[in-house]
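Can you build the whole structure from these sequences, using the hints too?
Here the sequence shown stands for residues 2 to 134, numbered as in the working numbering.
Rather than coming from a laboratory, the hints here were simulated on the basis of the structure.
Note that the structure is predicted; figures quoted are calculated from it, not measured.
All C-beta atoms in this analysis are idealised placements derived from N, C-alpha and C, irrespective of residue type, glycine included.
Accuracy of the hints is not assured; some may be wrong.
To be verified - No more than 35 Å apart at the CA atoms, straight line, and that leaves these computed lysine-lysine pairs for DSBU-like:
1. Lys93 with Lys115
2. Lys46 with Lys16
3. Lys125 with Lys93
Unchecked claim - Between beta-carbon pairs, the in silico distance windows are:
4. Asp60 with Asp111: 51 to 61 Å
5. Phe132 with Lys53: 22 to 32 Å
6. Gln50 with Pro26: 17 to 27 Å
7. Ala100 with Pro62: 40 to 50 Å
8. Val113 with Lys16: 12 to 22 Å
9. Thr47 with Asp109: 55 to 65 Å
10. Lys115 with Val54: 47 to 57 Å
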Amino acid sequence: MALRDQPLHGYAIIKAIEGTYGRPPSPGIVYPTLQMLEDQGFLLKTELQTKKVYTLTDDGPRCLDEHREVVDRIQTRAHMPRWNSIPGIGSKLTEIARAILVNYHYLDDDKVSKIEDILEDALKHIGQIIFEH
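Dropping the structure here:
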C-alpha cells in the first residue's frame, strides 16, 4: 500500500513505511513533511470521517521522479542495520557514546583531540578487519 497507489491517512503512511523498511518513521518527521508537500502542491489533504487523508496531486509523481536520487538514498539508509542490532558491537558503541556524552563537561580541546585520534585509529583497524581476506 503506497500513496502513489491510493489516498492514505497519516497513520497508514507511517505503517506503510514501517512495512517497507521494518521500522516506523517518527510522526514528528512524517506530519511536517506531509504539510510541506501539501504546501508545495504535491499532496492534497481532505477530511474523511475525522481523518486527514492525503492524495498525490498531478505534480506529486513528477516530484518523486525529479528527486529519485534523494528517495533512493533514503531507501538505502533505511535498510542499513542500526548499531544496536549487532550483538556485542552495538553495546560497546553505546557504551563509548554514553561515556563521552555523560562526561562531556570534563573535555577540553586536548582531550577531544586525543579521543578523535583513538576513534580514527579504531576506524582504520575496523576497516582492516572487515576487508581482510
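Hint-by-hint comparison with the structure:
1. Lys93 with Lys115: holds (19 Å)
2. Lys46 with Lys16: With Cα atoms ~18 Å apart, Lys46 and Lys16 stay inside 35 Å; holds.
3. Lys125 with Lys93: holds (17 Å)
4. Asp60 with Asp111: 51 to 61 Å: Hint holds: Cβ distance 54 Å, inside 51 to 61 Å.
5. Phe132 with Lys53: 22 to 32 Å: With a Cβ separation near 49 Å, Phe132 and Lys53 fall outside 22 to 32 Å, so the hint is violated.
6. Gln50 with Pro26: 17 to 27 Å: Since Gln50 and Pro26 have Cβ atoms about 24 Å apart, the given range 17 to 27 Å holds.
7. Ala100 with Pro62: 40 to 50 Å: About 48 Å separates the Cβ atoms of Ala100 and Pro62, which means 40 to 50 Å holds.
8. Val113 with Lys16: 12 to 22 Å: violated (42 Å)
9. Thr47 with Asp109: 55 to 65 Å: Check passed, 57 Å falls within 55 to 65 Å.
10. Lys115 with Val54: 47 to 57 Å: Given range 47 to 57 Å: holds, Cβ gap about 55 Å.
Going down the numbered hints, you'll see the structure goes against 5 and 8, while the others check out.
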